[in-house]
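Enquirer: Here is what each chain is made of, one letter per residue.
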Amino acid sequence: MSTVIPSSPEPKASLKARILGTPSAGPFLVLLAFGLIFALTNPRFLATHNLSIILQQTVIIGVLAIGQTLVILTAGIDLAVGAICVLGTIIAGKMVNLGYDPVLSMGFAILVCTAAGLSAGGLISALRLPPFIVTLGILGILTAALRLISAGGAFAVRDPFLAWTGNTLKLGGFVLTYGVLIMVALYAIVWYLLNETKWGRHVYAIGNSPEAARLVGIPVRRHLLSVYLAAGLIYGIGAWLALGRIPNADPNAMQTANLDSITAVVIGGTSLFGGRGGLIGTLIGALIVGVLRNGLTLAGIDPLWQDLVTGILVIIAVALDQMSRRRN
Amino acid sequence: MSDVNNSQSMATTSAPIVLEARNVTKTYGHVTALAGVDFELRAGEILAVVGDNGAGKSTLIKALTGALHPTSGEILLDGRPVNFKGPLDARHAGIETVYQDLAMAPALDIASNLFLGRELRAPGILGQVFRRLDKKRMREEARRAMSELKFRLPSIDNPVEALSGGQRQGVAVARAALFARKLVIMDEPTAALGVRETGQVLELIRSIRERGLAVVLISHNMPNVFDIADRIHIMRLGRRAAVVTPKTHSMNDVVAIMTGAATA
Ligand SMILES: Nc1ncnc2c1ncn2[C@@H]1O[C@H](COP(=O)(O)OP(=O)(O)O)[C@@H](O)[C@H]1O
Ligand SMILES: [Mg+2]
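Line order of the protein sequences matches chains A and B.
Residue numbering for the first sequence follows the working numbering, beginning at 12 and increasing consecutively.
Residue numbering for the second sequence follows the working numbering, beginning at 3 and increasing consecutively.
Worth flagging that the hints you see were computed from the coordinates, not collected in a lab.
Just to be clear, a hint being listed does not mean it is correct.
List time: in silico BS3-like cross-link candidates among lysine-lysine, alpha-carbon distance up to 27 Å [what the hints assert, rightly or not]:
id, chain 1, residue 1, chain 2, residue 2
1, B, K152, B, K138
2, A, K209, B, K137
3, B, K249, B, K184
4, B, K184, B, K152
5, B, K184, B, K87
6, B, K87, A, K209
7, B, K138, A, K209
8, B, K137, B, K152
Let's have the full structure, built from the sequences with the hints guiding it.
Expert: If you want it as structure tokens, here you go:
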């Protein structure tokens, strides 16, 4: 029995260790740093009006990044995010313009987005194709199809229901849109699913090791399907939020949605290798992207530079992730 | 000492057969992993499965636990033929497996890994309607299981990847012990461990037998096998070459049978 050591009480982690151990601490510091730089260089940055604008600008990427987080947590990647969302805006817009009931139109559009997510998931889980290729293929197909449906051009969508998510309300002097509230609610719901339910646990388990997940009896393929379905549903809701921000259905919109949503997820500390990270980080990551774009715009810097900076950020974030993985 | 051993081996030779395989084969294309293997495990015994690399040990236990479908042959649990569609079926039937690669999610904490795939839900509305996990109870149960097995861990909230090899193995074995109702199968549980950690895991295996469960132990380590096993099933070229006991055969005998230099 010499090998058996009696168990002792667990040491409580110190506050400092707990803060440093929190995965979203790093991204939060990055957000603070950017905020500080912009606040010091431009007095308009911290104005409540501007902060409210940043939130509103973050809504679409923020919501798309929720779906992207789910997919990346399973060690996948979704390159059809923007395309599926644009699909939603075009379907809803076309139907309303044809005289269909707006609620029905939006509902149908969200359903189609969900179906698009489901078909990506189906190809990935049933045929075991790499998510990268499947979603790249869907991106190509949708991009072409959308231009055909909308005969190439953008069109205006004037409907109070479709635009409702852009309506503002005042919360203690702070102007918010319903879209912001919907985003916050979506984060809360999906956070709960990921952290407090078996479904979320299994998302992490599959991202960590699909083989281990299979061996402990998790129906891996069915679970993957549910993840892509949830992502599609979220992109559909994103389409409604997009129509609230700009009452336009444009087949050429959201060209940077892939870059921005992946950047938000990865800067937020979720590993591209799957199984590590979470939604709080993604929300912070989306805010970083929003703050960066807003601050650079305020400084009068060309949007192309914003893409460039975002691109650099995502590469740095992935490099850090890779390095920390190698150390383990 | 010898009395204890005698009564144990008496018990195992007369104990009923819990798990049995008859003429099981498994081929991968042109590779024959199992060439018609027989297997029997008796209640309450520790049965070691030994054999050279590639002899088919891992494939045999995967076939026994539903992790793969045999090409042909029959598997019986308590004398009744079973057809496991997957590892979950075997688990439902009371068979727990510690796989060579442990089947753990490294980034998840110890308690999550112990309950992976059979998480506990909170009581009442929170659990039934909102599907909320009972993290507190899972943590408590995990702590209890680890201390019952007298296995020390730094903290149940640590991710598994932060543990040493021996601690990880301890968690995997504890998971099996926690849920097994009939038997536990372990594939090379001490292969990557140092002497002290190996000792701890062997202690765990004994405490599983003390709970009345049968244990199948796949191992390369002859001294360990002779230390702990009641009987030894020797694999060679995808078949059972012999079943011997540590009392009737020496390590040299077993190695000779394994390599084909001798027959039982
Ligand atoms: N998935 C597989 N595909 C092809 N061949 C395999 C596979 N799994 C095992 N084998 C082959 O089957 C034989 C037995 O393997 P295994 O059961 O792992 O042996 P052991 O565990 O005794 O070392 C080996 O020749 C191995 O290469
Ligand atoms: Mg093996």
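Enquirer: Could you run down the list of hints and mark each one as holding or not?
Expert: Hint by hint, here is what the structure shows:
1. Taken as a hint, the B/K152 and B/K138 pair is honoured in the structure, with Cα atoms around 21 Å apart against an allowance of 27 Å.
2. For the suggested pair A/K209 and B/K137, the alpha carbons sit about 11 Å apart, so the restraint of at most 27 Å is met.
3. Distance hint between B/K249 and B/K184 is fulfilled; the C-alpha atoms sit about 26 Å from each other, no more than 27 Å.
4. Distance restraint check for B/K184 and B/K152: the Cα-Cα separation of roughly 21 Å lies within the 27 Å cut-off, and the hinted pair is therefore satisfied.
5. For the proposed pair B/K184 and B/K87, the alpha carbon gap of about 19 Å is at most 27 Å, so the pair holds.
6. Taking the CA atoms of B/K87 and A/K209, the gap is about 22 Å. The hint holds against a cut of 27 Å.
7. Between B/K138 and A/K209, the direct Cα distance comes to roughly 14 Å. Compliance with the 27 Å bound is thereby established for this hinted pair.
8. Between B/K137 and B/K152, the direct Cα distance comes to roughly 22 Å. Compliance with the 27 Å bound is thereby established for this hinted pair.
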